[in-house]
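Engineer: As you go down the protein sequences, you meet chains E and W in turn.
Sequential numbering from 0 applies to the first sequence in numbering that gives the first Met the number 0.
Sequential numbering from 0 applies to the second sequence in numbering that gives the first Met the number 0.
It should be emphasised that the hints constitute simulated quantities derived from the structure, not laboratory data.
From a predicted model like this one, the values you see are computed outputs, not experimental measurements.
Keep in mind that a hint or two might mislead.
Copies of the same chain look alike in the list, so a pair counts if it fits in one copy or across any two.
The calculated SDA-like cross-link candidates involving lysine to any residue, where the alpha carbons are at most 20 Å apart (straight line), are [said to hold, decoys possible]: (1) Lys101 to Asp130; (2) Lys145 to Ser47; (3) Lys46 to Gly77; (4) Lys107 to Phe123; (5) Lys46 to Glu115; (6) Lys145 to Gly71; (7) Lys145 to Asp33; (8) Lys145 to Glu75; (9) Lys101 to Gly82; (10) Lys46 to Glu75; (11) Lys46 to Ala143; (12) Lys145 to Pro16; (13) Lys46 to Trp116; (14) Lys129 to Leu72.
These are the residues of each chain, in order.
Number of protein chains: 2
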Amino acid sequence: MSRYYEDFEVGESLISPGVTITEASIIDFAFQYDPQRFHINTEAAAKSPYGGLIASGFQTLACAFRMFFHLGLINETGYGSPGIDELRWTEPVRPGDTIRTKVTVMEKRESRSRAEWGIMRLGFAVYNQKDQEVMTFTTIAFVARKS
Amino acid sequence: MSRYYEDFEVGESLISPGVTITEASIIDFAFQYDPQRFHINTEAAAKSPYGGLIASGFQTLACAFRMFFHLGLINETGYGSPGIDELRWTEPVRPGDTIRTKVTVMEKRESRSRAEWGIMRLGFAVYNQKDQEVMTFTTIAFVARKS
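All chains, please: the whole structure from these sequences, using the hints.
Structural biologist: Okay, here's the thing in structure tokens:
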């Protein structure tokens with residue numbers, strides 16, 4: 000069930016289910032959106048400094064958000080975001096890796112311009128099956144307040 | 000033809016071709032990666048503060064990079080990126096909007112750890128057909144030096 004602004008606590012963390020990133024999904028995503036050779040070409044990727052195919056960072060980002068959304072916490076109460084800060088791709092995501100998203104509520108405040116919204120800063124961290132951090136960023140989320 | 004690090008000049012801007020973001024592409028992308036109701040449901044979107052369907056910011060981001068890559072400048076010479084800073088979605092992207100990417104070379108320096116790489120900070124700005132800025136961010140790009 001969707002949560003409201005008041006239901007989130009600063010400091011709490013929410014952990015998503017995992018998703019396995021296949022070679023096919025890496026190449027499909029990258030062929031459309033990020034066709035750098037180490038994302039779409041296993042031969043070229045093997046000769047690159049990455050030593051093999053790696054997922055587009057844009058794919059990792061989109062999957063990370065999707066798996067958080069999958070928790071169902073903001074289905075009806077989320078109102079989007081104005082942006083993202085300090086996104087870092089800290090380890091490659093490779094075919095067969097299973098990633099999950101940990102979201103920590105960093106700050107909360109009521110919106111001044113829209114009384115019906117709360118504003119939260121969320122810290123995203125994405126981990127692979129070896130518990131290596133593969134991506135981090137922070138974002139602002141607009142969430143409905145209880146009326 | 001691909002450019003090397005030495006071929007980019009601080010201050011120069013590169014402008015991509017445009018791409019039209021259709022309603023179908025907005026819903027397809029969002030249904031997989033960002034199924035917030037104002038990205039996948041025209042009825043719910045019309046009742047939302049956005050007043051109609053808008054593209055996922057992750058789609059705008061991926062398309063912005065793809066259209067820059069489309070210029071062919073770093074096909075063979077790009078080596079990826081460690082991250083993104085200060086990403087802002089400044090206007091909604093709506094069905095039928097045509098977006099293009101302007102990339103400005105903000106800074107350049109040689110890599111200390113990899114002599115064969117140069118490091119550039121690039122400023123991305125994405126515009127719609129009305130010349131409204133819809134997204135901005137900066138990123139670091141690793142690019143091959145002439146050997």
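Engineer: Report the numbers of all earlier hints that the structure fails to satisfy, in ascending order.
Structural biologist: When the structure is compared with the hints, numbers 7, 12, 14 turn out to be violated.
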